[in-house]
Amino acid sequence: MNKNIIIVIFGAVILCFAGFNNKFPLLTADTGVYINSGFNRTVPFHRTAMYGLFIAHSSWGRSIWLVVFSQALILSLILFYYFRYFSQNANYTVFYLAYLFFITFCMSASVTASTIDPGVFASITLLCTWLLLFAKNLTRRDFVIIAITTVISSGMAVSHLLTVMLITIIYGVRLLFAKRRQFLGIIETSLKRIIITGSLVFTTCLLVSVVHFSLGGGFNIINKKNLPKPPVLIKSELASLKSYKEIAGKTASKHGVLGDIKKKPVKNFLSQMVNIKIDKYDRMDERSETLQAIYRWFNSDLRECTIARQSLGWLTFNYLIYSQIISVVLSVLGIILFSIKKTGPNHRNLLVFIFLAILIQLFTNVIQYGKSNDMDYQIIWLLPLPVFLYLSEAISIKKTELNQLFIVRAS
Amino acid sequence: MKKYLFKTRYKHLLAIVFSAFILCFIAFYNSYPLIFNNDTGAYIGAGFSGKVAFDRPILYGLFIFFLSFQQSLWLIVIVQSLIVSLVLYYYFRYFTSKLNFIPYFIGFVVLISFFMAASFEVSWLIPDVFTSVSILSLGLLIFVNELKIRDIIIISSLTILSIGVHNSHFYICLCVLFLILTGFVFKQIRKVYTISAIRIKRIVFAILLVIFSNLTLSTVHYIYGGGFKGSRGGVVFLMSNLVEMGIVDTYLADNCAQKNYKICAYRDSIPNNFLWAENSPINKTGGWIGNEDEYSAIVKDILTTPDYLKTFIYQSGIYTLKQFFNYDMVDIAKPTEMVNDAVAYYNNEYISYTRARQSTNRISFGFVNFAQNLIVGFCLFLYFLVLIFKRMTIKYRFFILFILLGLIINAWICSTFSCVSSRYQTRVIWLLPLPLFLYILEYSEPNAIQRRIKSVMTG
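So the protein sequences, as listed, match chains Y and G. Start counting the first sequence at 1; every next residue gets the next number (this note's numbering). Start counting the second sequence at 1; every next residue gets the next number (this note's numbering).
Some clues are possibly wrong.
[Stated by the list, open to error] Capping the alpha-carbon separation at 20 Å, the derived lysine to any residue pairs in SDA-like fashion look like this:
| # | chain 1 | residue 1 | chain 2 | residue 2 |
| --- | --- | --- | --- | --- |
| 1 | G | K334 | Y | L312 |
| 2 | G | K390 | Y | V94 |
| 3 | Y | K3 | G | R150 |
| 4 | G | K390 | Y | H46 |
| 5 | G | K310 | Y | R303 |
| 6 | G | K98 | G | I440 |
| 7 | G | K51 | G | I289 |
| 8 | G | K310 | Y | L66 |
| 9 | G | K310 | Y | W60 |
[Said to hold, decoys possible] In silico negatives: residues of chain G with every beta carbon more than 12 Å from chain Y:
| # | residue |
| --- | --- |
| 10 | V17 |
| 11 | F66 |
| 12 | N100 |
| 13 | V144 |
| 14 | L179 |
| 15 | V185 |
| 16 | Y222 |
| 17 | M245 |
| 18 | N340 |
| 19 | Y345 |
| 20 | R355 |
| 21 | T360 |
| 22 | K395 |
| 23 | R397 |
Hints in this document: simulated from the structure, not taken from any laboratory. As the structure is a prediction and not an experimental result, all values here were calculated from the model. Here a beta-carbon is modelled for each residue, glycine too, at the ideal position from N, C-alpha and C.
The shape of chain G in the complex, shown without the other chains (with noise of 0.2 Å):
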């Protein structure tokens, strides 16, 4: 019996580090981890000076600076895969009754990494797969009874690094939280909860982690010199978007002979790319942080003058339909002085940085991008279906509305007070053939078909 269980648990990690290893092909195709313009910059630099940048957290320049040994940025791919396969295999362990899942959870992998942005994601150096990394964490501390302590450890320390990484991770997993710990007041989706067996406990206790993450992330701030703050950056974000949506001019145009505001000199030259274009006004009239007051300012009177705060609900709806259909993997420039320097760090592997397909301008994704869009539209072909005539389990079909739901609240929250980029929403389109494959595993075999025609048979 030791000896058996021995094997599984060899077999089980085999198919952890394997699932890993194909998760990153994209990297390897590359011969080097993608980089993001300047944000893969930012990060490294980040990490290795200690600085707390003003748009960013510093937690990701930490896991790179830490988890590299300072020696190869390969580390952090193998890493972020490493996680990735063991939070997938999580799911495929405990969401399902079913003993023999090791081919189904290599089967995903395989089509997430080869025809979606799963690959993608690991291979690249921002904190992007962590979207993802914390949306599933959730899941599993919501939906899985059985989860051992070491489990339970696991995915708590995971939740906790991968909301920090980012901005935006905090405000999706709460609202997505929220938005579930809401269903609790009906008494209809309180039989749903009952059924899929989800306990208001286990939802307070992944809101205390998320809140717990945050208060991390901000005490992480305060030893590095940035002071007691979790996100950053947020208004002048959200300023930048309204500037996109058209809602700014508009204010201006009718502001500017009451106000006073530093924007007013420039409001007939303001760029589309406000927040990075060197001559937009808020590096004209003295940079975020120097314009935050300012900006508060205009986006409350915005937000709280119902005539703009009407403009922006619309446009807010549009901007998420937007950014919920745009996953394409489009982000591969060519590296920018800014990377070169930050990967300079790693003396040893620069020449093989600079050899790499992506710093030399050979690599596209045009056919992984065109058979993500097919199972894109197959799934959510498959998943209305599901839902509108409430067919599968009750427990799947809640799993595929969280799924759903992640996705959703991801495109909302980047696209409205950030703005519509493929980026945001490739890091977790992939999520979305887990709740099939999962549904597959449990009913796909052979005896369940048979229950099924003997079930019809005797009526």
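Excised from the complex, chain Y in its bound form (with noise of 0.2 Å):
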């Protein structure tokens, strides 16, 4: 097997190191609106079919972990495509693997990837970008590869799709004024390209809204029919009206739709920036959706997830937060001292790229969902993507400056 192939499989294993550590999937209380939404064929509230479809089609109707799977290792590919397209260094392979390795145990990407939840897509679709936008001398396969992942993962959210239009728009109006002053750099973008991710968003648009319209939706990106309807009883045990009413509620309200979405947004936003908290995995009640759709749909699953960490209220990040705290720091550091050593505009393009990125990320989903949202961790780990290719880079000139100094001195 070639042996690109064995690396991303590999990192894609890794990749799903918290749900192994969870010994299942992690959950979240929105897991089982998707899974409902993508098996029952219907369009979630508020929310984009896409996600429910993938859960759907991606687990084979068989075993959830099929989902998680493949999470990881679109992810792993899309890293592995980043690192082959703008590292200079010949080995950039070793950089790819210290990258995912850093963000699996010292960040929150594991845990991202190993969740039931669209915001692994999120990054996905920023890498897809940025890879559309600057990446040269794309083989027709990868192109291909990344155009479809691209139009997949930002069709798994409105904020994701409303966060590639933005970068596009804004890269657009920067090339009509760089057009003046000669774009400098290795890393730089074109008309064609703009055009290709439009057209891409545009197509994401017009797929979401033939998905929702082909499920009873109405020819739109945005659901705004069906309320949520609670979910069909499958155990008297199991659920009681009353309860699901007060998850609903909670659900809704986690989501922004009574009443969170429009108010103060520039406040959330502020406050969205600084919070890189792990706290949404709490231990699931017996009468929430997700249980009740892993009940219906993953049968043969319950066991295993009625005895994970995270069912048993033993799943913790305490030094995993610090870890990344610490970890988005040196970041900073890194990138301001890259920033103070005049890195070259390949470096300058891409610190831009991704602090823009995550930036409108953040405001797209404060927009959409408000404060209660948990984006920050599931993208704040594409931080250090910009101090590990600085350092491919470094490391490469400095190997080849000293294969010169032997080369002179054996001479």
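These two chains come separately, so use the hints to put the complex back together.
Below you can see the structure in the form of structure tokens.
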């Protein structure tokens, strides 16, 4: 088998670490909504139907683990492409793996990839957009893979779609101004790339609308028709309507449906920026829609689910949170240091993009969901990416210099 | 010269004792050896009563009974730490050609004691620490050519003891050895073996030792009235795991109409904790021994029906991965009555036992668990690079593979035939940095670096 394929698969397995450690994929209060929507072929309220369909198809209707594997595999592949096309180092796979291990064991990437939630596709969307806008010499096969991934991942949530849209617009405008004072550096975009990315955004909008229409939810990307209905009660001892109402109310307010959406967006955005805790993995209530959905659609996995750490209330991320904070601080310091050292426009473009993309993603989330959304920890691990790219190039340059020195001395 | 040799021996002995002392760190921190609920009680009870239990070998019970001199459980921790320290010492002494290995040996022990699970395992009154001892002992027998006769005897004895104390060790060791033996069939791998100086003779010797260990255990069981049988309760453990995997639910739903199993009466109320829950069908329908035939039939039927077998193989893969990444030190609950009764055999220690951190719920390993995560991540990253880009010498690459094989097979056997429990992987995870330390010791000298630069300079 090709060495690169082995590396990407190994990377995907490592990204599932948090899931394996929990003994079951991590679940959120919304997981049930997505599972039910995917298998019932309905459009969930205030969301797109894409993630539900992704669950239904990638799990083959058999095992929920396959969903996590698929997510991790896509993320691993896109990160691999990133290092393949942007690192100048011949041994880019070493830095790819170093970055992957770092974000798995010191940051929250693995937690994000192991969660049955479309959050992981936020970072995939950002990386794909970056590749589409800036990667040079993309092979046809890679381009097709990245384009398809962009369409699928940006369609998973409205905020992802908005983010790609805004990024494309911003870089389009920037290109207009940059024409006058010559764009510098290896990494640069072009009108063609902007048009391609824009057309992919349009394709996504179209696809999501068609999917919603075919599922009876109207030709739009946000379904505002169907208010959440109580799930079909599977077992009387598992669910009661009264408690469901409480849970549904909680879920809805969590996503801003009941009020928090458009209140104080700027304040919410600012508080969101500094909030990188991982705190939504509470023990699931037996009557929650998530457990009901697991019971109904992944019945053979139910026993595994009930003995998972999350279900037993043993799941904590205290030290991972500290480590994440330290990693973020170190990344920012590294980025500042590289900026002072006047790194090439290559890195500066990437730094600007990563910062911009993270801010836009957070902003679109706040606009859509309100302040209680946990998007920050789901994408914050993109921050060390420029640092690793810088290191890969710096080491490559040092190595070349050293080799030249040896050759001079030997001669 | 004699004086120098004596001094060196004295220094090495001191290093072994000092390392053993460091390895006891968690027991000191807890103020008493750690206990694992019910299991520790069962082992102590078996040792004192001389009765062979239906679910575990008696050897570890006897180990506790005899080596504690019925006086102090601290002696068990001390003996366990000395064994681990000695086996690790052998690695640093025999595996590399360097004479000044003591600082690296101590450094390694410090790392695995303070930042990994080694000290936890050594301080625990269950036979889990012997899983690592058995894997390490086999490694010495396979990889090291120049073992002294005295050391071969010591290592072989430790192999026999360590395999006999737990049901799973026999299968883990046998699987590892047979996999290595299979390598001799392939020409390419045979070449690697030749370069790494691995001889078929030594592997066969190791296999014979493993078999001998099982025979010894069977004899011990026979002497204590438990019949000539090595491992115990295997089918019931597997049945329990099949329940957890969800396969038994499907099987019973499909077959209860045709087959008249006792368990069918309870098929809607089978608890996850099938083995130990009070309301489990196993306790209502005749216990472990009373159900062995029925469960054997069910297990056989499941494993020979393609549909169930497919699910079993898939689940086995997932469970192995889950087990491989589950190595947190979490099983440190407050002791139960059963353990209290067992520790009461050591009357003079009972007060310090009740005042220990574990008994008063004042112990947790959050930081060590996280540090261990980082070390495991780093080692896996490094080893993957080494294996895929073929760095390091063949001998070291093969040793890394051996350790990884030990870890993977341990994860597979435990998770497939028993259950996924952090305990099972904690017992071996601290072996991971060993090849790295040995390699650093072999190649880290300044001279080696100078040699490499010179070789580059001169082409």
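Next item on the list: Please name the hints from earlier in the document that this structure breaks, with their numbers sorted from lowest to highest.
Entry: 3, 4, 17
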